[in-house]
Amino acid sequence: MLVEARGLCKFFGVKPVFRKLDFHVDQGQVLLVLGENGSGKSTLLRILAGLLQPSAGRLYVGAESGEIGYVGHQPYIYPGLSAWQNLRFWSRLHGFSPDGGRIEEILVRFGLERVRHEPVAFFSRGMLQRLNLARALLLGPRVYLLDEPSTGLDRRSRDALHGEIQKLRESGCAVLWVSHYPERDLPLADRVLHLEDQLGWMDSPAFGKVAPQFASPDTEPR
Amino acid sequence: MLPQVCLIARKDIGLLLFRGQGVVQAALLGLLLIFLFSLAGSGSKIQASWMAAVFWLASCFSLVLIFNGLYAVEEEGSAREGLLMAPIPVQSIWLGKALAGGLLLLLLQILFIPAGVVFLGAGQLSSWSTGAGLLFSVDAGLILLGSLFGALGQGQSTKESLLSVILFPLQIPLIMAGIHVGASLLGPASGSESLSSWFSLILAFDAVFAGAGLILFPFVYAE
Numbered sequence: 006m007l008v009e010a011r012g013l014c015k016f017f018g019v020k021p022v023f024r025k026l027d028f029h030v031d032q033g034q035v036l037l038v039l040g041e042n043g044s045g046k047s048t049l050l051r052i053l054a055g056l057l058q059p060s061a062g063r064l065y066v067g068a069e070s071g072e073i074g075y076v077g078h079q080p081y082i083y084p085g086l087s088a089w090q091n092l093r094f095w096s097r098l099h100g101f102s103p104d105g106g107r108i109e110e111i112l113v114r115f116g117l118e119r120v121r122h123e124p125v126a127f128f129s130r131g132m133l134q135r136l137n138l139a140r141a142l143l144l145g146p147r148v149y150l151l152d153e154p155s156t157g158l159d160r161r162s163r164d165a166l167h168g169e170i171q172k173l174r175e176s177g178c179a180v181l182w183v184s185h186y187p188e189r190d191l192p193l194a195d196r197v198l199h200l201e202d203q204l205g206w207m208d209s210p211a212f213g214k215v216a217p218q219f220a221s222p223d224t225e226p227r
Numbered sequence: 004m005l006p007q008v009c010l011i012a013r014k015d016i017g018l019l020l021f022r023g024q025g026v027v028q029a030a031l032l033g034l035l036l037i038f039l040f041s042l043a044g045s046g047s048k049i050q051a052s053w054m055a056a057v058f059w060l061a062s063c064f065s066l067v068l069i070f071n072g073l074y075a076v077e078e079e080g081s082a083r084e085g086l087l088m089a090p091i092p093v094q095s096i097w098l099g100k101a102l103a104g105g106l107l108l109l110l111l112q113i114l115f116i117p118a119g120v121v122f123l124g125a126g127q128l129s130s131w132s133t134g135a136g137l138l139f140s141v142d143a144g145l146i147l148l149g150s151l152f153g154a155l156g157q158g159q160s161t162k163e164s165l166l167s168v169i170l171f172p173l174q175i176p177l178i179m180a181g182i183h184v185g186a187s188l189l190g191p192a193s194g195s196e197s198l199s200s201w202f203s204l205i206l207a208f209d210a211v212f213a214g215a216g217l218i219l220f221p222f223v224y225a226e
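Heads up: the protein sequence lines correspond to chains F and B, in order.
Each residue of the first sequence is one higher than the one before, counting from 6 in this note's numbering.
Each residue of the second sequence is one higher than the one before, counting from 4 in this note's numbering.
Hint data in this document are derived by calculation from the structure and do not stem from the laboratory.
Cβ atoms here follow ideal geometry from the backbone N, Cα and C, with glycine treated the same way.
Hints may contain errors.
[What the hints assert, rightly or not] What follows is a set of in silico ranges between Cβ atoms, one per label pair, in the way DEER data are often shown:
(1) B/P176 - F/A126: 37 to 43 Å
(2) F/A126 - B/A225: 24 to 30 Å
(3) B/G136 - F/A126: 38 to 44 Å
(4) B/P221 - F/F127: 31 to 37 Å
(5) F/E109 - B/A43: 57 to 63 Å
(6) B/L206 - F/K20: 32 to 38 Å
(7) F/A61 - B/V168: 35 to 41 Å
(8) B/A215 - F/V19: 31 to 37 Å
(9) B/M4 - F/F16: 34 to 40 Å
(10) B/A225 - F/G18: 14 to 20 Å
(11) B/L5 - F/S209: 45 to 51 Å
(12) F/E41 - B/P176: 37 to 43 Å
(13) B/F139 - F/K20: 37 to 43 Å
[Claimed, not checked] Short, incomplete list of chain F residues facing chain B, as computed with Cβ under 8 Å:
(14) Y83
(15) P84
(16) R97
(17) F101
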């Protein structure tokens, strides 16, 4: 088991975000986290990433510092550096020897090879998100925390993202994936964690169907 | 830890020099201070202690701008959390920023020295080795403290203005020592005993600021 939470609670002051959350993610599993805005999905991922402390409960993440790939709402990039320089910096900071071939390969996988030497400051929102995903994948962690990773991506990039998540599952990584598009992303999930009214419950996409409140009318077709 | 410190310092220096912002402002501010003080002393000979005071004052003001710029680098791309999640001691960020700040400060001080000669009429130092020792030892304390307080002011303009208010009083012992030793190097020679006691004070404060940074930085930066 790579991630396990038992009775996890988070309060901001006296305001509860979620209470008594129980879930686990095994190796090679994708857990889709669903819930409305403000239900605590991003907070949960930030706790798992070690960026926030839980208020109560037990949390086990079977990965060392640096073995967690987190893609949040903010791209962890330096606008003054190029895509290639950004990836090289993060790679070296995580203790990997600078491997130009690996960086090149990941840039190609995310369709950034033609702009690799351009300053990131000139990138569009979608290109930034692709670079953010490339950064997370380059570091080869065991646990991936993806907070709405398809934000800003066009259809082709979304399909590529699905392909990458499938590869991660096959390579034995654990993926926690926050999504607002369950119809589109559910086929890739092994389990689903619903967050609602400060509580959470696990569901299997094979047996359960998406609750109506999560099937938003603006859900994009795959 | 050293490779990560150097990596962070190299990235920061590259970004600050690439943007120009921060370094150019700091250089202009320091040079302006030296020029303005030269006007105040025109027609009469400026005392050695005044020259040393102006030099260190210019360095301190430049330091604030440099560290504001160094910590703003992470805020632009929200990279701070990425650094915090990296498998490195958090203190290596503080040291990396301090190293980058130190090198940029030295670069500016190299500009300030000839400006001091031209505008303030500073003469030859009586001992270049003591002068270099003074520069490195005082700079060490300034940048260790500057890097810690730079983290406090990250991305918040209200805190940035507080930075100079909190930082300058803490720098006073180092600046005082810098002025006294600097004046003795530029003017009539002081006894070696007096110099060594000033250097002891500088090194003691360097150690205090280094210890404070090591302990406090993780709390300050992760906030």
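These are the hints, each one checked on the structure:
1. B/P176 - F/A126: 37 to 43 Å: 41 Å, holds
2. F/A126 - B/A225: 24 to 30 Å: Given a distance of about 27 Å, which is inside 24 to 30 Å, the answer is holds.
3. B/G136 - F/A126: 38 to 44 Å: 41 Å, holds
4. B/P221 - F/F127: 31 to 37 Å: At 35 Å between Cβs, range holds.
5. F/E109 - B/A43: 57 to 63 Å: Hint holds: Cβ distance 59 Å, inside 57 to 63 Å.
6. B/L206 - F/K20: 32 to 38 Å: Between B/L206 and F/K20, where Cβ atoms are some 50 Å apart, the hint is violated.
7. F/A61 - B/V168: 35 to 41 Å: 39 Å, holds
8. B/A215 - F/V19: 31 to 37 Å: 34 Å, holds
9. B/M4 - F/F16: 34 to 40 Å: 36 Å, holds
10. B/A225 - F/G18: 14 to 20 Å: 19 Å, holds
11. B/L5 - F/S209: 45 to 51 Å: This hint holds: roughly 49 Å between Cβ atoms.
12. F/E41 - B/P176: 37 to 43 Å: 56 Å, violated
13. B/F139 - F/K20: 37 to 43 Å: Violated: the Cβ-Cβ distance is about 51 Å, outside 37 to 43 Å.
14. Y83: 5 Å, holds
15. P84: 5 Å, holds
16. R97: 6 Å, holds
17. F101: With Cβ-Cβ at 11 Å, over 8 Å, it is violated.
Of the numbered hints stated above, those contradicted by the structure are hints 6, 12, 13, 17, listed in ascending order.
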